[in-house]
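First to last, the sequence lines map onto chains A and B. Taking our numbering, the leading residue of the first sequence gets 1, the next gets one more, and so forth. Taking our numbering, the leading residue of the second sequence gets 1, the next gets one more, and so forth.
Hints are computed from structural coordinates only; laboratory data are not their basis. A hint or two may mislead.
All copies of an identical chain are treated as equivalent in the list; a pair is satisfied when it fits inside any one copy or across any two copies.
Claimed, not checked - The calculated lysine to any residue pairs, modelled on SDA-like cross-linking and capped at a C-alpha distance of 20 Å, are: (1) K178 x I168; (2) K159 x R137; (3) K4 x T145; (4) K159 x I93; (5) K159 x V95; (6) K146 x G160; (7) K159 x E92; (8) K146 x R162; (9) K146 x I163; (10) K146 x R67; (11) K4 x Q68; (12) K4 x A71; (13) K4 x G70; (14) K82 x Y27; (15) K82 x Q212; (16) K213 x P223; (17) K146 x G49; (18) K159 x A71; (19) K4 x N149; (20) K178 x G203; (21) K48 x Q68; (22) K221 x G183; (23) K48 x P223; (24) K213 x S226.
Spelled out from the first residue to the last, the chains are:
Protein chains: 2
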Amino acid sequence: MAPKAVILLSGGLDSTTTLAIARSEGYDLYAISFNYGQRHRVELNAAKGVAEATGGCNHLIVDVNLRQIGASALTSEQEVPKGRSMEEMSAEIPVTYVPARNTVFLSLALAWAEALEARDIFIGVNALDYSGYPDCRPEYIEAFTKTANLATRAGVQGKGFRIHTPLISMTKAQIIRKGLELGVDYSLTHSCYDPFPNGKPCGRCDSCLLRQKGFEEAGVKDPIVSGS
Amino acid sequence: MAPKAVILLSGGLDSTTTLAIARSEGYDLYAISFNYGQRHRVELNAAKGVAEATGGCNHLIVDVNLRQIGASALTSEQEVPKGRSMEEMSAEIPVTYVPARNTVFLSLALAWAEALEARDIFIGVNALDYSGYPDCRPEYIEAFTKTANLATRAGVQGKGFRIHTPLISMTKAQIIRKGLELGVDYSLTHSCYDPFPNGKPCGRCDSCLLRQKGFEEAGVKDPIVSGS
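The task is simple: from the sequences and hints, build the whole structure.
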């Protein structure tokens, strides 16, 4: 029997590629997504589509209301910045930063992993072409792993958790090439922070711009077209 | 202006005492509770009552559905053990253990603390008269603090978080005496894992038994009476 892995799946480009990598490594797949009050809730439809297109993938969408906490442009009515240069993006932690989001999400993934008796958790964090979030760095992942192994029955019993971050030192272009190699259908994914009411990407938020740059550098056409 | 503190408040004896301690230390109080699909949801009414009785205490109840994850007698239809001896309770991690619960709750408390620009988080974990949960130990709290300071914008900016565990080395009797000193009204609290439909405690689950033992050892009468 294949070992089980829990994969954090937002429905975006990075997490979808991460799911494909976990699949290529032979894991029994348990994708977890979060209905957290995000402005771009449409990403959950993408996550469902990606999970369905990945044969044998289980999928759980957990409700956790981060809109009650707010303090982010993604979980409030605060405006999402548009048209920023790469320099502007990397100058500081952006207003789309959601306080402690990866810690909340990894905790819930850890809870599910423990419930499933899985030891492997995959997360598509990326410290290179990232958007300046502190909870995407390797030292953070290492600290969380240590916490996870002290927090849980499984950890106490010596069945420690491993957190896999296969994208951590890849550029967006490398991620896309890797995904295409593994047969990922990027037309199913959604990256935009501030989509139009019809669900189409704005084409101008940090996430859209990083995605465009990635496809350009990979020399591939993005199957998703921006605009209303 | 007093510094803000986020206090995890279940509505039980330990967290209510912790709130009183944070108050006595002069913090501006932000209590956080969780509607997590717990069998004993009635504890949220206790949490509300305690917060209201604590002058100037803000209160947030965050929805996070751990029943979707299950694997605990507190978040499923699995039976809650009754009438166990102290030896049985400390022999192993009980079925009321909720996978990664304190990590999920501390993550959400951390998110709120960051949103509020608070640096202090209080949690009423207790490593002595506890019920065998791994995420109540000092080494766990230390690891979580390190993770928190790597995870967040505040941490990166050198405004590190402190996690206060004032009860960690106290017995239940000491906790009760401390609370009474600080004027805590324990009639407002709820400890039972498996209350009767009318909300009254069962008197026989681990949590009820630890509470009874605490009041006995403190030489004080529990203002709450068990039974249907």
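Problem - Intra/inter-copy verdict for K159 and A71 if alpha-carbon distance must be at most 20 Å - result: between (36 Å within a copy, 17 Å between copies)
Practice task
At 20 Å max between alpha carbons, let me know whether K4 reaches G70 within a copy, between copies, both or neither.
Solution key: between (33 Å within a copy, 17 Å between copies)
Practice task
Evaluate K159 and R137 at a C-alpha cut-off of 20 Å and name the case that applies: within, between, both or neither.
Solution key: between (24 Å within a copy, 18 Å between copies)
Problem - Intra- versus inter-copy proximity for I168 and K178 (alpha-carbon distance at most 20 Å) - result: within (13 Å within a copy, 48 Å between copies)
Problem - 20 Å Cα threshold - placement of A71 relative to K4 - result: between (35 Å within a copy, 16 Å between copies)
Handout entry: Intra/inter-copy verdict for K4 and T145 if alpha-carbon distance must be at most 20 Å
Key = within (17 Å within a copy, 29 Å between copies)
Exercise for the section: Since the copies are identical, ignore which copy is meant and state whether K82 and Y27 lie within 20 Å (CA to CA) inside a copy, between copies, both or neither. Expected result: Answer is neither; intra-copy 38 Å and inter-copy 39 Å both fail.
Problem - Status of E92 relative to K159 across identical chains (alpha carbons, at most 20 Å) - result: Classified as between; 16 Å across copies, 38 Å inside a copy.
Practice task
Could you figure out if K4 and N149 sit no more than 20 Å apart (CA to CA) within one copy, between two copies, both or neither?
Solution key: Within one copy only: 17 Å inside a chain, 30 Å across chains, cut-off 20 Å.
Practice task
Please work out whether the CA atoms of K146 and R67 approach to 20 Å or closer within one copy, between two copies, in both situations, or in neither?
Solution key: Cα proximity of K146 and R67: none, with 28 Å in one copy and 25 Å across.
Problem - 20 Å Cα threshold - placement of P223 relative to K48 - result: within (18 Å within a copy, 50 Å between copies)
Problem - Homo-oligomer pair classification [V95, K159; C-alpha up to 20 Å] - result: Classified as between; 18 Å across copies, 38 Å inside a copy.
In the structure shown, a violation is registered for the earlier hints numbered 10, 14, 17 and 20, in ascending order.
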